[in-house]
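Visitor: Sequence:
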Amino acid sequence: MSSLLEYDKLNNIRDLGGERTVDGRVIAPGRLIRSENLLDLPESDINRLKELAETVVDFRSKGEHDSRPDSLIPGVSYHHLPIIDKQAAGITREEEDVDIFSRMLTDPAGAKQYMCGLYKDFVLSDYSVSQYAKFVRLVMDQHDKAVLWHCTAGKDRAGMAAVILEEILGVPREKIIEDYLSSNKYLSGDIGMLTGFIKKRAGIRDNSADEALQYLFGAEKDYIDTFYRTVEERFGDFKTFIHEGLGISEAEVEKMKDTYLTDSTT
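Residue 198 in the numbering used here sits at position 167 of the sequence shown, and the numbers go up by one each step.
Since the hints were derived computationally from the structure, they do not count as laboratory data. Hints may be right or wrong, so weigh each one.
The calculated DSS-like cross-link candidates involving lysine-lysine, where the alpha carbons are at most 30 Å apart (straight line), are [claimed, not checked]:
(1) Lys165 x Lys176
(2) Lys270 x Lys81
(3) Lys230 x Lys81
(4) Lys288 x Lys252
(5) Lys286 x Lys143
(6) Lys231 x Lys81
(7) Lys176 x Lys143
(8) Lys143 x Lys81
(9) Lys288 x Lys230
(10) Lys206 x Lys231
(11) Lys270 x Lys40
(12) Lys40 x Lys286
(13) Lys165 x Lys231
(14) Lys81 x Lys252
(15) Lys270 x Lys151
(16) Lys165 x Lys286
(17) Lys230 x Lys206
Since the model is a prediction, treat every value here as computed from it, not as a measurement.
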(Lines of atoms letter the chains of each structure in order from A and count residues from 1; the text may use other names and numbers.)
(Lines give C-alpha, C1' and ligand atoms only; values in the text may rest on other atoms or scores of the structure.)
Protein backbone atom coordinates (compact mmCIF):
# COMPACT_ATOMS: atom_id res chain seq x y z
CA MET A 1 0.00 0.00 0.00
CA SER A 2 1.18 3.56 -0.62
CA SER A 3 2.93 5.31 2.28
CA LEU A 4 1.70 8.56 3.80
CA LEU A 5 4.33 11.32 3.71
CA GLU A 6 4.54 13.80 6.57
CA TYR A 7 3.89 17.41 5.59
CA ASP A 8 2.72 20.36 7.63
CA LYS A 9 -0.40 21.09 5.54
CA LEU A 10 -0.84 18.16 3.15
CA ASN A 11 -2.84 15.34 4.74
CA ASN A 12 -3.23 13.05 1.74
CA ILE A 13 0.13 12.93 -0.02
CA ARG A 14 1.33 9.36 -0.52
CA ASP A 15 4.27 7.56 -2.09
CA LEU A 16 3.51 4.48 -4.20
CA GLY A 17 7.05 3.33 -3.39
CA GLY A 18 7.25 -0.03 -1.64
CA GLU A 19 4.14 -1.51 -3.24
CA ARG A 20 4.98 -5.07 -4.27
CA THR A 21 4.10 -6.35 -7.73
CA VAL A 22 3.06 -9.81 -8.86
CA ASP A 23 6.58 -10.53 -10.17
CA GLY A 24 8.11 -9.94 -6.73
CA ARG A 25 9.58 -6.52 -7.43
CA VAL A 26 8.54 -3.29 -5.67
CA ILE A 27 7.84 0.24 -6.84
CA ALA A 28 10.90 2.37 -6.17
CA PRO A 29 10.34 4.92 -3.38
CA GLY A 30 10.34 8.64 -4.05
CA ARG A 31 9.34 8.37 -7.72
CA LEU A 32 5.53 8.22 -7.94
CA ILE A 33 3.59 10.51 -5.60
CA ARG A 34 -0.19 11.03 -5.39
CA SER A 35 -1.51 14.07 -3.58
CA GLU A 36 -4.34 16.41 -2.75
CA ASN A 37 -4.21 19.99 -4.09
CA LEU A 38 -1.12 22.12 -3.52
CA LEU A 39 -2.97 25.30 -2.57
CA ASP A 40 -1.40 27.87 -0.20
CA LEU A 41 1.37 25.60 1.04
CA PRO A 42 3.66 26.79 3.83
CA GLU A 43 7.31 27.33 2.99
CA SER A 44 8.24 24.14 4.87
CA ASP A 45 6.11 22.01 2.52
CA ILE A 46 7.33 23.86 -0.57
CA ASN A 47 10.93 23.20 0.39
CA ARG A 48 10.25 19.50 0.88
CA LEU A 49 8.44 19.23 -2.44
CA LYS A 50 11.31 21.05 -4.17
CA GLU A 51 13.63 18.27 -3.04
CA LEU A 52 11.16 15.49 -3.87
CA ALA A 53 9.56 16.28 -7.23
CA GLU A 54 10.54 17.53 -10.65
CA THR A 55 7.12 17.19 -12.32
CA VAL A 56 3.65 18.16 -11.05
CA VAL A 57 0.48 17.13 -12.90
CA ASP A 58 -2.76 18.95 -12.00
CA PHE A 59 -5.94 17.02 -12.90
CA ARG A 60 -8.36 19.74 -11.76
CA SER A 61 -10.74 21.61 -14.04
CA LYS A 62 -9.77 24.94 -15.59
CA GLY A 63 -11.99 26.72 -13.08
CA GLU A 64 -10.28 25.08 -10.12
CA HIS A 65 -6.84 25.56 -11.65
CA ASP A 66 -7.40 29.26 -12.32
CA SER A 67 -9.18 30.22 -9.09
CA ARG A 68 -7.12 28.09 -6.70
CA PRO A 69 -3.66 27.79 -8.29
CA ASP A 70 -0.95 25.48 -7.01
CA SER A 71 1.77 26.95 -4.86
CA LEU A 72 4.84 27.53 -6.99
CA ILE A 73 7.66 25.09 -6.32
CA PRO A 74 11.04 26.21 -7.67
CA GLY A 75 12.53 23.96 -10.33
CA VAL A 76 9.34 21.95 -10.90
CA SER A 77 7.72 21.44 -14.31
CA TYR A 78 3.92 21.92 -14.18
CA HIS A 79 1.38 20.20 -16.45
CA HIS A 80 -2.37 20.93 -16.39
CA LEU A 81 -4.36 17.90 -17.59
CA PRO A 82 -8.05 18.29 -16.62
CA ILE A 83 -9.62 14.83 -16.42
CA ILE A 84 -13.17 16.12 -16.77
CA ASP A 85 -14.22 18.98 -19.04
CA LYS A 86 -17.04 20.19 -16.80
CA GLN A 87 -17.63 21.05 -13.15
CA ALA A 88 -18.87 18.08 -11.14
CA ALA A 89 -20.09 17.90 -7.55
CA GLY A 90 -18.03 15.56 -5.40
CA ILE A 91 -15.10 16.10 -7.72
CA THR A 92 -14.24 19.79 -7.83
CA ARG A 93 -15.66 20.62 -4.39
CA GLU A 94 -16.00 24.25 -5.42
CA GLU A 95 -18.52 26.50 -3.70
CA GLU A 96 -20.65 26.50 -6.87
CA ASP A 97 -21.38 22.84 -6.16
CA VAL A 98 -23.39 23.68 -3.04
CA ASP A 99 -26.73 23.75 -4.90
CA ILE A 100 -26.03 20.33 -6.40
CA PHE A 101 -25.03 18.98 -2.99
CA SER A 102 -28.20 20.38 -1.46
CA ARG A 103 -30.38 18.47 -3.90
CA MET A 104 -28.69 15.21 -2.89
CA LEU A 105 -28.64 15.66 0.88
CA THR A 106 -31.83 13.67 1.41
CA ASP A 107 -31.05 11.09 -1.27
CA PRO A 108 -28.05 8.93 -0.24
CA ALA A 109 -28.78 6.37 -2.95
CA GLY A 110 -28.86 9.13 -5.55
CA ALA A 111 -25.57 10.57 -4.27
CA LYS A 112 -23.89 7.18 -4.52
CA GLN A 113 -25.32 6.58 -7.99
CA TYR A 114 -24.07 10.01 -9.06
CA MET A 115 -20.52 9.20 -7.96
CA CYS A 116 -20.61 5.80 -9.66
CA GLY A 117 -21.58 7.65 -12.83
CA LEU A 118 -18.49 9.81 -12.56
CA TYR A 119 -16.28 6.73 -12.28
CA LYS A 120 -17.96 5.33 -15.38
CA ASP A 121 -17.17 8.57 -17.19
CA PHE A 122 -13.46 8.18 -16.41
CA VAL A 123 -13.59 5.21 -18.81
CA LEU A 124 -16.47 6.01 -21.18
CA SER A 125 -15.38 9.59 -21.91
CA ASP A 126 -12.85 9.66 -24.74
CA TYR A 127 -11.67 13.00 -23.37
CA SER A 128 -10.91 11.56 -19.92
CA VAL A 129 -9.17 8.50 -21.37
CA SER A 130 -7.02 10.70 -23.62
CA GLN A 131 -6.00 12.86 -20.65
CA TYR A 132 -5.00 9.79 -18.64
CA ALA A 133 -3.03 8.61 -21.69
CA LYS A 134 -1.11 11.91 -21.74
CA PHE A 135 -0.43 11.48 -18.03
CA VAL A 136 0.99 7.98 -18.48
CA ARG A 137 3.29 9.25 -21.22
CA LEU A 138 4.56 11.99 -18.90
CA VAL A 139 5.29 9.35 -16.28
CA MET A 140 6.91 7.10 -18.88
CA ASP A 141 9.72 9.59 -19.48
CA GLN A 142 12.80 9.02 -17.37
CA HIS A 143 12.78 11.23 -14.26
CA ASP A 144 15.60 11.86 -11.81
CA LYS A 145 13.10 12.82 -9.10
CA ALA A 146 9.40 12.20 -8.49
CA VAL A 147 6.35 12.76 -10.63
CA LEU A 148 3.57 14.13 -8.39
CA TRP A 149 -0.04 14.21 -9.54
CA HIS A 150 -3.07 15.67 -7.80
CA CYS A 151 -6.68 16.77 -8.05
CA THR A 152 -8.55 18.49 -5.21
CA ALA A 153 -8.72 15.86 -2.48
CA GLY A 154 -6.46 13.30 -4.18
CA LYS A 155 -9.19 10.64 -4.16
CA ASP A 156 -11.12 10.44 -7.45
CA ARG A 157 -9.20 11.77 -10.45
CA ALA A 158 -5.79 11.32 -8.81
CA GLY A 159 -6.96 8.02 -7.32
CA MET A 160 -7.78 6.53 -10.71
CA ALA A 161 -4.43 7.75 -12.05
CA ALA A 162 -2.79 5.76 -9.27
CA VAL A 163 -4.91 2.73 -10.16
CA ILE A 164 -3.80 2.94 -13.79
CA LEU A 165 -0.11 3.14 -12.86
CA GLU A 166 -0.43 0.32 -10.33
CA GLU A 167 -2.10 -1.87 -12.94
CA ILE A 168 0.60 -1.10 -15.53
CA LEU A 169 3.35 -1.89 -13.03
CA GLY A 170 1.68 -5.11 -11.88
CA VAL A 171 0.43 -4.42 -8.35
CA PRO A 172 -2.13 -7.09 -7.35
CA ARG A 173 -5.73 -5.94 -7.82
CA GLU A 174 -6.69 -6.49 -4.18
CA LYS A 175 -3.81 -4.28 -3.03
CA ILE A 176 -4.81 -1.57 -5.50
CA ILE A 177 -8.34 -1.54 -4.11
CA GLU A 178 -7.03 -1.49 -0.54
CA ASP A 179 -4.86 1.51 -1.36
CA TYR A 180 -7.76 3.35 -2.97
CA LEU A 181 -10.00 2.84 0.06
CA SER A 182 -7.29 4.04 2.46
CA SER A 183 -8.05 7.60 1.30
CA ASN A 184 -10.96 7.57 3.77
CA LYS A 185 -8.52 7.39 6.66
CA TYR A 186 -6.38 10.27 5.44
CA LEU A 187 -9.33 12.43 4.40
CA SER A 188 -11.44 11.93 7.54
CA GLY A 189 -10.77 15.44 8.82
CA ASP A 190 -11.45 16.97 5.40
CA ILE A 191 -14.69 15.00 5.05
CA GLY A 192 -15.85 16.16 8.48
CA MET A 193 -15.09 19.80 7.66
CA LEU A 194 -16.84 19.67 4.28
CA THR A 195 -19.85 17.89 5.76
CA GLY A 196 -20.20 20.58 8.42
CA PHE A 197 -19.87 23.34 5.82
CA ILE A 198 -22.50 21.92 3.48
CA LYS A 199 -24.96 21.19 6.31
CA LYS A 200 -24.56 24.71 7.67
CA ARG A 201 -25.21 26.23 4.24
CA ALA A 202 -28.27 24.01 3.84
CA GLY A 203 -29.57 24.80 7.36
CA ILE A 204 -29.41 21.16 8.50
CA ARG A 205 -28.76 20.66 12.21
CA ASP A 206 -29.07 16.88 12.60
CA ASN A 207 -27.29 13.89 11.00
CA SER A 208 -29.86 13.25 8.29
CA ALA A 209 -27.52 14.31 5.47
CA ASP A 210 -24.36 12.59 6.71
CA GLU A 211 -24.81 9.40 4.68
CA ALA A 212 -25.26 11.26 1.40
CA LEU A 213 -22.29 13.52 2.09
CA GLN A 214 -20.09 10.54 2.93
CA TYR A 215 -20.95 9.10 -0.48
CA LEU A 216 -20.07 12.41 -2.16
CA PHE A 217 -16.80 12.99 -0.31
CA GLY A 218 -15.58 9.49 0.57
CA ALA A 219 -13.97 6.57 -1.25
CA GLU A 220 -16.35 3.64 -1.73
CA LYS A 221 -15.56 0.16 -2.99
CA ASP A 222 -18.55 0.44 -5.32
CA TYR A 223 -16.79 3.34 -7.05
CA ILE A 224 -13.59 1.52 -7.90
CA ASP A 225 -15.60 -1.61 -8.73
CA THR A 226 -17.61 0.53 -11.15
CA PHE A 227 -14.38 1.78 -12.72
CA TYR A 228 -13.05 -1.75 -13.23
CA ARG A 229 -16.38 -3.09 -14.46
CA THR A 230 -16.67 -0.26 -17.00
CA VAL A 231 -13.14 -0.98 -18.25
CA GLU A 232 -14.15 -4.61 -18.81
CA GLU A 233 -17.42 -3.66 -20.51
CA ARG A 234 -15.73 -1.23 -22.91
CA PHE A 235 -12.35 -2.91 -23.51
CA GLY A 236 -12.73 -6.51 -22.36
CA ASP A 237 -9.96 -6.39 -19.76
CA PHE A 238 -7.51 -3.95 -18.22
CA LYS A 239 -4.60 -5.02 -20.42
CA THR A 240 -6.60 -4.08 -23.52
CA PHE A 241 -7.53 -0.76 -21.88
CA ILE A 242 -3.80 -0.06 -21.41
CA HIS A 243 -2.92 -0.99 -24.99
CA GLU A 244 -5.94 0.26 -26.95
CA GLY A 245 -7.49 2.87 -24.65
CA LEU A 246 -4.29 4.51 -23.41
CA GLY A 247 -2.20 3.61 -26.45
CA ILE A 248 0.63 2.08 -24.41
CA SER A 249 2.41 -0.83 -26.09
CA GLU A 250 3.67 -3.91 -24.28
CA ALA A 251 7.24 -2.74 -24.91
CA GLU A 252 6.38 0.57 -23.23
CA VAL A 253 4.84 -1.27 -20.29
CA GLU A 254 8.11 -3.17 -19.85
CA LYS A 255 10.05 0.08 -20.11
CA MET A 256 7.95 1.59 -17.33
CA LYS A 257 8.53 -1.48 -15.17
CA ASP A 258 12.29 -1.22 -15.72
CA THR A 259 12.14 2.48 -14.84
CA TYR A 260 9.99 2.32 -11.71
CA LEU A 261 10.44 -1.17 -10.24
CA THR A 262 13.32 -2.43 -8.19
CA ASP A 263 14.26 -5.85 -6.86
CA SER A 264 14.19 -4.74 -3.21
CA THR A 265 13.06 -1.91 -0.95
CA THR A 266 16.64 -0.98 -0.11
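Visitor: Each hint should be assessed against the structure and marked as holding or not.
Guide: Here is how each hint holds up against the structure:
1. Lys165 x Lys176: holds, 19 Å
2. Lys270 x Lys81: Measuring from Cα to Cα gives roughly 35 Å; hence the hint is violated.
3. Lys230 x Lys81: violated, 38 Å
4. Lys288 x Lys252: holds, 27 Å
5. Lys286 x Lys143: violated, 38 Å
6. Lys231 x Lys81: violated, 38 Å
7. Lys176 x Lys143: Status violated; Cα separation ~38 Å.
8. Lys143 x Lys81: violated, 38 Å
9. Lys288 x Lys230: Between Lys288 and Lys230 the Cα gap is close to 46 Å, so the pair fails against 30 Å, i.e. violated.
10. Lys206 x Lys231: Violated, at about 37 Å.
11. Lys270 x Lys40: Distance ~37 Å between Lys270 and Lys40 Cα, so the pair is violated.
12. Lys40 x Lys286: violated, 35 Å
13. Lys165 x Lys231: Outside the cut-off at roughly 40 Å; violated.
14. Lys81 x Lys252: Not OK: Lys81 and Lys252 at ~34 Å, beyond 30 Å, violated.
15. Lys270 x Lys151: holds, 18 Å
16. Lys165 x Lys286: Holds, at roughly 16 Å.
17. Lys230 x Lys206: violated, 34 Å
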